[in-house]
Structures are given as C-alpha cells and as structure tokens.
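S.K.: On the provided structure of chain X, position chain A as indicated by the hints.
So you can see what is in the structure, the chains are spelled out below.
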Amino acid sequence: MRMLTWLFGKKPKLTDQQNERLARWRALPAADIQQPMDASRYVVVDVETSGLNVNKDRLIAIGAIAICNGKIALADSLEIVLQQNRVSDKQNILIHGIGGTAQAEGVPPVDALLTFLEYVGSDPLIAFHVAFDQTMIGRAMREYLDFKLKHVWADLAYVAPALYPELARRNRSLDNWMEYFGITNYARHSALADAVATAELLLALGPKLQTRQATCFQGLRDMERERRRLTHPI
Amino acid sequence: MAAPNSLILATAEHLSRFAPFDSMTREHLTWMAERLKLGYYSKGEIVLSPEIGDIRNFFIIKQGEIHGEQDVVRAQDDATWLELHEGECFPLGALLSRRPVNSTYRAGVDTFCYELATDHFHELLHKCPAFHDFCTRRLANLLEQSKQVIQAQYTKSSSEQQSMTSPLSAIVRREPVACAPDTPMRQVLETMNSLGIGSMVAIDTQKRPLGIFTLHDVLSRVTLPNLDLNTPLSSVMSTNPVTLPPHALAYEAALVMAKHGFRHILVEENGKLIGLLSEKDLFTLQRVGLRQLSGIIRKADDLETLKHAAEDIRQLAHNMLAQGITAEQLTQIISTLNDLLTTRIIELELEADAAAREIDFCWLALGSEGRFEQTLNTDQDNGILFSVPDGKDAEALRGVMLPFAKRINQALAACGFPLCNGEVMASNPKWCLSLAEWKETFDKWIYHGAPMDLLHSTIFFDFRPLFGNRHLAENLREWLGEVTPKNTRFLHQLAVNALRNKPPLGIVRDFVTGDGHTIDLKLNGITPFVDAARIFSLANAVSATNTLQRLREAGEKLRMSAQDIDAYCDAFLFIQLLRLRLHHEQCQAGENLTNKVDPDTLNALDSRILREAFRQARKLQTKLALDYQV
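Protein sequences appear in the order of chains X and A.
The numbering of the first sequence is numbering that gives the first Met the number 0, which starts it at 0 and goes up by one.
The numbering of the second sequence is numbering that gives the first Met the number 0, which starts it at 0 and goes up by one.
The following block holds chain X by itself, in its conformation from the complex (with noise of 0.2 Å):
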C-alpha cells in the first residue's frame, strides 16, 4: 500500500517558505570538484534507517561532517533525527540506538531534509558504500520534498581498495579499515559518529591519495572507477 502512495498519492505538500528553501538550494551552482582537497569543502555522510532494504525501509537519522581545508571541522557537523510516525522495531533499535520516543521527538522530515541540503550546500558528498546512503537520502526526498536529489558522490567502499588493492581482500567493511588505521569510534552505528569515522578514513588515505595524484575530489571519482572497471568489468 505504501509504496502505491508513495508512487500515484498526493504529491507532498511543502508551505511557501520550505519551497523557497528549496529553491534556493536548487539555485546553488555546481560542486567544483576540480578543486583541490585542502581549499575546498566536503560533507562525508552517514545515515540510520529502520533496516537494510533501500525499497522498503525508512530514513531515520542522517549524520554529517564537513572536512575543510583537509582538516575535520567538529562543529561543522549535523546529526539529524528525522520524526517517525511508526517507530522502527526492537531489533533496529538495538543497532543505532534511536529509540522510540527519540524517533517520535525528531524534526519532522521535510525540515530534516532542507536542513540537511542546506548544510551540504553544493559541496561534494562522500560516503562508505554510497549506494545505499544516496538510495535512502533520495527517496526520502522524492517521498517528502518531491524533488530528485542529483548530487556529486564518491564511495570509499571503492576509493580504499583502489590505494590498497593488496589489502582489498581482507578489508570490505568500514569497521576493517577502521581498524586497519587504528581509526575509533565514540558510538559505532550513530550516524554522526560513523560519518566523523568515514572522515577520519578519508583523512588516512591522504597520503597514499597524494602519492597518485588525486589531491581533489575528482581524483576520487577516478580512483572509485577505477576500482569498480576492476571488480564490475562491463
């Protein structure tokens, strides 16, 4: 039923001023994905959802964190909860620890995700494993916003084993490189607090991004295809 409404319902109706908002971040110019890493602006994203099925289930919580200038900037950051009017289960709570009454209490999603565009700006966006990150972003947007988010991404899922092609095999998850660069967590499965780990990884790889010359997040796009024409040959 849900996913009827969701495709020939009643379109989302959003007030005057959330359309402006809207508006005004549409009119925003295109990332400059050109420029180098430490003169420009990336938001690495993180989010919670009510489960691992990018069709069904839903967007909770979206964590994000600017690194600038090739630095982390910790107040530079978003941790947004979106209002749930059906709480997710037990289990899933388990994982990211939102519980019911926070998941009830949190910004209702229209807000959430003007918010959250309005944060990125036109800044590129990074992510662990993007396609699931970006499937849950925008469909929430189409559901809520009405609006098809088209945005610059680059996936460390790809970026990491392009560097460390020997260290591929063993490492897939977020938590192997984690752990293969000492890199912690104050609360694994927040969605901020994974995103600032994202970051921290980002920041690690820099050395080994230099010695390949891909210094902007161009170089990051090259170094993701690469390794997906390697693992996804056409």
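There may be inaccurate statements among the hints.
[As the list claims (entries may be wrong)] Some chain A residues well away from chain X (every beta-carbon gap over 12 Å; in silico): (1) P128; (2) D352; (3) L522; (4) L601.
[Unchecked claim] Derived Cβ-Cβ restraints for the label pairs, each shown as a range: (5) A/G515 to X/D56: 52 to 58 Å; (6) A/E555 to X/N175: 55 to 61 Å; (7) X/Q33 to A/G92: 37 to 43 Å; (8) A/K42 to X/R187: 47 to 53 Å; (9) A/H121 to X/V53: 34 to 40 Å; (10) X/A130 to A/K42: 32 to 38 Å; (11) A/E85 to X/R187: 15 to 21 Å; (12) X/N175 to A/A603: 27 to 33 Å; (13) A/P244 to X/N175: 53 to 59 Å.
[What the hints assert, rightly or not] Derived BS3-like pairs: lysine-lysine, alpha-carbon spacing no greater than 30 Å straight-line: (14) A/K36 to X/K207; (15) A/K443 to A/K391; (16) X/K207 to A/K42; (17) A/K595 to A/K556; (18) X/K55 to X/K12; (19) A/K391 to A/K405; (20) A/K36 to X/K70; (21) X/K70 to A/K42; (22) X/K70 to A/K126; (23) A/K443 to A/K556; (24) A/K485 to A/K443.
Hints listed in this document are in silico derivations from the structure and should not be mistaken for laboratory results.
The beta-carbon is built from N, C-alpha and C at its ideal position, and this holds for glycine as well.
M.R.: Here is chain A on its own, set in the frame of chain X:
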C-alpha cells in the same frame, strides 16, 4: 550556536580524561570542542618545525604519538627527547611567547590531532583559569596536582587533627578477641595472658557485644575479692558497654573515653561486634614529633630505646609523606634521623670499647645513605676510614676496628637496617681501611675499570663522613677530585655502564614493563639520574654526593640551562616521591618493600608525570652519551 551534538559532547568527554581538560568547566570544554579541527599526520610526517614560523594552531593528540626532536640536523632515533601521547598538547612555550617552535614535532605513528586556532587558544587562555594555570605552570602544576591527590588520599593518617577526624573503621585493624559470657574467668584470664591483650569482650551467638572485661578490672574484681576463677565472665564484666558505629570519628571515641573514663570502646555495626578501640590506638595516631624524636635518640643509652626510635622514624616518615611533604625534604629528614641514630649507636659502642677510642677514624656512609637519599627500605652501606700514626701498623688497627664495626653493623640491623647482601659494611676487612689503603683501592678501580670496579665505584664514590674525624673523608674526597677528572677513559666506561640502563619508555606503549608487568622505579627511574649526576660530578671535581646538589653544581659547571637542571631535579624528585609512596603503601599493607610498581595502578596524572620524568631521564642520558661519545 545550537546545543552541542553528540560529536562535540563525545570530544569534550574524551578530552576531560586528561589534564588540564579534566579541571576545565564543561562550558569551556564545550566551547573549545566546538572550535576544534581534526587533522591527520601519517608516520614520519612533520607537524611543526622551526622553519614553519608563526604557529597557527594548538595541538592536542587525539590518538597516536608525536615525537619532539630538538635538533633537525641530528634528526635520528636518538634525537627524540620528547614523546607525546593521547591527550597531551603542544606547543605551549612557543604559543605563549608567540614565537616559532624550537623543536621539530613529528608523528611517531599515524596520528590524529585536534587543532585549535591560535586566536582561539589565546581566547581560551584568557577565559579559562584552569587552562591558563596549566599552560603557564605546566610541570610544576602537574606536580602540585599530584601532591594534592596524595594529600587527599592520606589525610586520614596524617597529622593529629586529621587523624582524629578519620572514621573508626580506618583505625580498627583486627577483629577483637571475644568469648561467650559463660566462659569461666580462669579461661578468660589465660587467653588474655597468652595473647597479650588488655581486654576481653563477651558476645552472644549473634555476635552482639554483651560486656567487656579489661586488665584494669583484674585487681578490683578478681584479685582483691579473691574471686573463684570458675565464676563466669558475665558476673564480672562491665555490662552495657559503650559502642560506636564504624563511621564514627576518632575524636568522638576520644570524647566518649574522656567523658566516661573508659579505656576501650567497642565498634558495632548492625548490632554485631566488629572491632575494639583502645586508648592506646588513639595515642599512636598522634604524630611523633621530629624534635622530640631527635631528643630521644641523642639521650638514648641502650639499644632498646634506639630500636623504638628507629620505628618512630619510619612512622614519622609515613606521617610526613601523608602530609604531602616533598621527596627532597623527606629523604633529608630520614637521612638526618638515621645519621643521628647511627651516631648514637657508634657512641654507645665507643663507650664500651677503650681500644677503639684510641683510634682516629671516620665512619663513612656509602651508597644512598652517602647521597642523603635513604628511603624506607635502605640496607646498610658503610665503611671505616682510619689514620695510621707513625710507628703503627694498619693491619693491627684494623684488628681493633673490625669487631667494633661488627657490633655496630649488628646494632643497625637490630634497628631495622638490614645487613648488606654485598657485604658493603665496615665490618668487612675490605672496607675498613686506612687513608692510604682507600686511595690505593680507588686508584685501582679508576685505572683498571673492570666491571666489578665500576660497580664498586657507584657505591663507594658516594661516600661521606657520618661520624668521627671528617678531615680524613675530606682528604679522600679532595684526592678523588684531583684524580677522576683526568681519567677520561674511566669516566667513559662509567658512562657506557650507566647508559645500559634505559628509562622504560616505550614506542608503542606508554611504558616498557619488566617481569610481572612492572617498572622498577629505582633501577629504571632513579638510577639514570644518580649515575649521570655522579659522572658529571667526578668529571668536574664536584664534592657533593647528593644527586640534586650534584646536578645543580655540576650542571652549572657544564653550562646546562637552569631550566634543564630544574626539570631534571623535579623529575628525579617525582620518581623518588612515587617510590616513597609505594613503600608507604606496601608498609601499610604489611607487604615486603619493593621498588616495582605496576604502571596500571597509577592514576592518570601520576602516570603522565612519570612518563615526563622518564623523558627527562632520557634527555639527561642523551647529554651524557654526547659528552662521552657513547
């Protein structure tokens, strides 16, 4: 700014585990966390160097390790003189004085650092007193904090007032001797006699105290009335004894005793007897005075009195330690009192030995006693130096001195200074020598420099006169001051030997631990300072034997900076203090005294300072290695 999110809170929380952030208010800590950037430095990467010029950031290590290298030209492993770890921050001096750094800071392993912009650093300095304090006082501040922690820990057994405010549970040691109320008096008195106790408590099967019978009652209730010894305890004892709960304070117990004229108070918890407090227990809490104690020693006319005085010296040392006295003062006080005690023992033996009285001699203190660095577990290291008048024979004089020395060694042993395992004692014919013989012995060591000679020189070259003709010892010292500076080969050998013993600083872990996950505070902590100070002094004809004095005097001659010398002294004293505290704790727990400490048992502050102190030891060793080309 909006309410801090989980990252800011987690960052503040993480930092609050380390000084000075642990004493900053939440507000200031959050303010700082909101302004932090996180940077990454891969192993070997330079974080700061003198060439960079103006410093833009204040760094706090989130994880990893930063090494400071003093001299870029000699940037090799040995040039590392500073090792900074999680929670530590840098550079302070350069930021405070707004100048470039003197050292190169390099990531020792892959490292994440929090970075606070210089402007924010100065703003924080201005708004947060705890931070300001830390940055401007640094090591001094750390030491002060550590001292406060010690004082807080030991208040209960410190001075008279303080001890009187400790709870009875802290004073009562063992379970009281008790029996059933129907026990016949004969059995009660026999038990009291055999156990040497002053009282017997009657309890019921639930361990509730019913009454008490004390030695004082014997005369009036047993002997004079000619009591039948088959009478049960219950008809003789004082019933309804006064009890206090374990959390009552010592002075309350003293008040109750004073008010009712009791000598004993029962300690009761939940209706059960758990302890007995006597008037004597309260008296021993009172501090033994330094003046009083030295008076007792001076006037003592038998070994028994001196034995008690020796115990009192230890008790006094414990009390003073508890009051947060510095290691320097404490070791000096211990040395002074031990000197007095030894002097009195020698005087008493001299009175009984007419032959020894005829000889011109000097009793030498060696080793740690010679350096005025005795702690609570020091064994004997001593020797005799005598002069040989014309027409007399050294061997004959030794024949007189040896039995005399033997009695002194044994008396000292009776007073709690164990006999030396290595036989470094005046009663050993090898160490009971004439001036000429000592010079000959020292000369041999200096010119041969065999391993045993080097070992001996570390004990004997710290000699000082303790009793008798000081001029003999001064003569020997003067001669040594002329001989050693010239003999660079010997000094080099001493340096090589000293440098074998490295401070236990790890590259990966904080400390390198030996057997049983421990650090030997004496061998790895104290000895590097003592050895270096000795070598520098021998090379520069410094006659002092005390390590601090040697560092100060020789350091000046070697043109070390006053700041460096102070840092060495502070570091040495801190390790010494830790050692004294360790002994104190071991004493309280009735354990054997050792110098081995498990670094995990240290609080975060102490372990941080200890690391800093070891770094100072390493820096001093680096200097030694440079000077002697080791």
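S.K.: Hint by hint, where does the structure go against what was stated? Just the numbers, ascending.
M.R.: As far as the earlier hints go, 8, 9, 17 are violated by this structure, in ascending order.
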